[in-house]
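Respectively, the protein sequence lines represent chains B and A.
Mapping the first sequence onto my numbering, position 241 (from 1) lands on 241, and the numbers just tick up by one.
Mapping the second sequence onto my numbering, position 155 (from 1) lands on 1155, and the numbers just tick up by one.
It is possible that some hints are incorrect.
Simulated pairs of lysine-lysine, BS3-like, Cα-Cα distance not exceeding 27 Å [unchecked claim]:
id	chain 1	residue 1	chain 2	residue 2
1	B	Lys-275	A	Lys-1228
2	A	Lys-1228	B	Lys-274
3	B	Lys-290	B	Lys-274
4	A	Lys-1228	B	Lys-290
Rather than coming from a laboratory, the hints here were simulated on the basis of the structure.
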Amino acid sequence: MILAIVEHDRGTLNELTLQALAVARDLGDVEAVILGSAGAGLAEELGAHGVSKVHVADHELLADYGPDAWAETTRQLADAIGAEVVLAIGSDRGNEVMAHIAARLDAPMVANVISVTPGEDWGVVRVRWGGSLHEEALVVAPLKLLTVAPHALAASEVGGPQAEVVPFMPSLSDEGVTRVIDRATLAEGITLATAPIVVSGGRGVGSAENFSILEELADQFGGVVGCSRVATNNGWRPHSDQVGQTGTRVAPDLYIACGISGAIQHWVGMMASKKVMAINTDAEAPMVTKADYALVGNLHEIVPAIIEEIRNRRG
Amino acid sequence: MRILVCIKRVPAPGARIVVEPDGQTIDTANLGFTISPHEECAVEAAVQLVEQHGGNVTVMTLGPEGAEEQLRHAVSVGATDAILIPAGERDWDPQATARALTDAIGDAESDGAFDLILFGNESADSGGYQVGVRVSRALGRPMVNGIKGIEIGKGVVTLRRETDGGSELYELPLPAVVGVKEGITLPRYPTLRGRLASKKADVRTFEAGEQPGGQSMVALANPPEQVKQTVMLTDAAAAVDVMEELGLL
Ligand SMILES: Cc1cc2nc3c(=O)[nH]c(=O)nc-3n(C[C@H](O)[C@H](O)[C@H](O)COP(=O)(O)OP(=O)(O)OC[C@H]3O[C@@H](n4cnc5c(N)ncnc54)[C@H](O)[C@@H]3O)c2cc1C
Ligand SMILES: Cc1cc2nc3c(=O)[nH]c(=O)nc-3n(C[C@H](O)[C@H](O)[C@H](O)COP(=O)(O)OP(=O)(O)OC[C@H]3O[C@@H](n4cnc5c(N)ncnc54)[C@H](O)[C@@H]3O)c2cc1C
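With the rest of the complex left out, here is chain B (with noise of 0.2 Å):
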């Protein structure tokens, strides 16, 4: 049986926890976890993802996100009805909470697997460098810790029956368990992870001033501004801009990249765009020669004309 980690914050579903249980259902029954009863209203729509049964964790210690209070809850579930496979989304929480059950073990843990095969011993393919190279790894413990990693594969309802909803009362101690203590709101609204259109610029936008045209016309369709990693090294803009491997991942319906040149490590965190559009100097640049649409030349006099084009338009 599998078991997987539904990830919520205070309630709110992480979209991408209905990704890993397509993964789920078809290596078996599966039943979810919900940690802490702030999540207990999720327990319904997830009948319709293939969950037959759904534990509700409840736990003082679980009111908030916390890795210990998570992975300690999980995996003393997974003990208790004898699950084979604990599995979650491949996100920061989702990491982490795996790592420290697969700590608490000893066992393996794999993470941000794109396919798995059952059998004696598990084979599994994951993606490393952020998901640009593929590795096909054997596993072999008598409990499988697996991350999903994100965008694999899409959600999908298969319309099954309302899950069976159970209470589960873990017994965890506060000695050394690590809680979010506060939390601060940066923004509201959308952000570069959730925005439907993205305009990115790199070493060719050449300043901090010069992403105002970036901005401008971000802001004609209510996109937001990201960047490459030369862009934020070069301190042009904050690092919670950055798109890529060890930047934020975007998946907007155009990602338009502008004087920035393809490199693999910024290919992965866009590569899950619907369209991509390049401006560049450079026919030649990766960025230029994998988008789906390409303007060669010069971003600071492109990105202006395009501007003024919307605005004629639009009257």
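Given the coordinates of chain B, work out where chain A with the ligands should sit on it, guided by the hints.
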């Protein structure tokens, strides 16, 4: 305070990663080597903490002999001690890596514990997201990953983690272990004095036996490439036509 940073030597590929015909390694003949940006920032964060609070920074790596290059780079930007755990040319699995690092840390702590041990959030190449957590568990110290802000208080450390649209704060008692993300600070470039110090630095070695875990690699492969026919647009008007077609305007 005493801070340890664990770093991993990785190749720095450009637009493409080339896998050797045997599927076991990637072709590094024309590649330079580096450490992950997360770890580069962890080294910088450690050096800044020591500049504020006094103390010293040790760097440690498990890897081939060539990994001395990355240790010396860390010394050139402010680390004072460097420890190499020789692992031969082949990589060790994450459990074996964590066990060896734990043993080496035990040895390095014979004259007192590190107040902080910093890891990268994940290594740049393999990205297993686990070595730091395993080490922290083995040492019985608390750990949080994904950290972009570290502040030292009285016997505690306050950590900031970014989420989509906000941030979370954690407070851990010292000694503690932290998984750092790029963006916590901008890494500095080595100074001339730093470069000289790194040449003279004494890199200690610690021999650890390999104790394999339950994950083994079969082969590496490039993902299937999506071949796209790029539509070349001639001017701004053509670009706006596309935006209209996509229903964005
Ligand atoms: C482990 C690791 C992780 C990394 N993680 C990331 C990451 O998360 N995100 C990331 O972005 N990078 C990352 N990098 C860095 C990456 O390898 C590249 O160095 C970086 O993406 C290059 O940024 P760039 O495209 O802006 O700059 P360059 O590669 O220098 O490209 C600049 C481009 O701008 C074009 N240009 C110049 N002037 C103009 C103009 N006037 N008009 C139009 N075009 C112009 C040029 O033709 C060129 O194509 C990582 C590297 C490593 C080793
Ligand atoms: C037979 C076999 C062959 C393999 N071949 C390859 C290969 O060809 N290429 C490849 O990339 N991987 C290979 N691996 C996997 C590789 O051994 C792991 O990358 C390694 O064990 C560390 O795990 P990680 O990279 O997943 O670390 P993570 O858990 O992602 O790392 C987190 C942090 O731990 C620290 N850390 C990780 N590794 C080290 C280290 N060695 N020294 C010091 N600190 C460290 C860093 O601070 C890092 O940011 C192979 C594994 C096996 C079993």
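- Message: Of all the hints numbered above, which does this structure not satisfy? Sort the numbers upward.
- Response: Every hint satisfied by this model.
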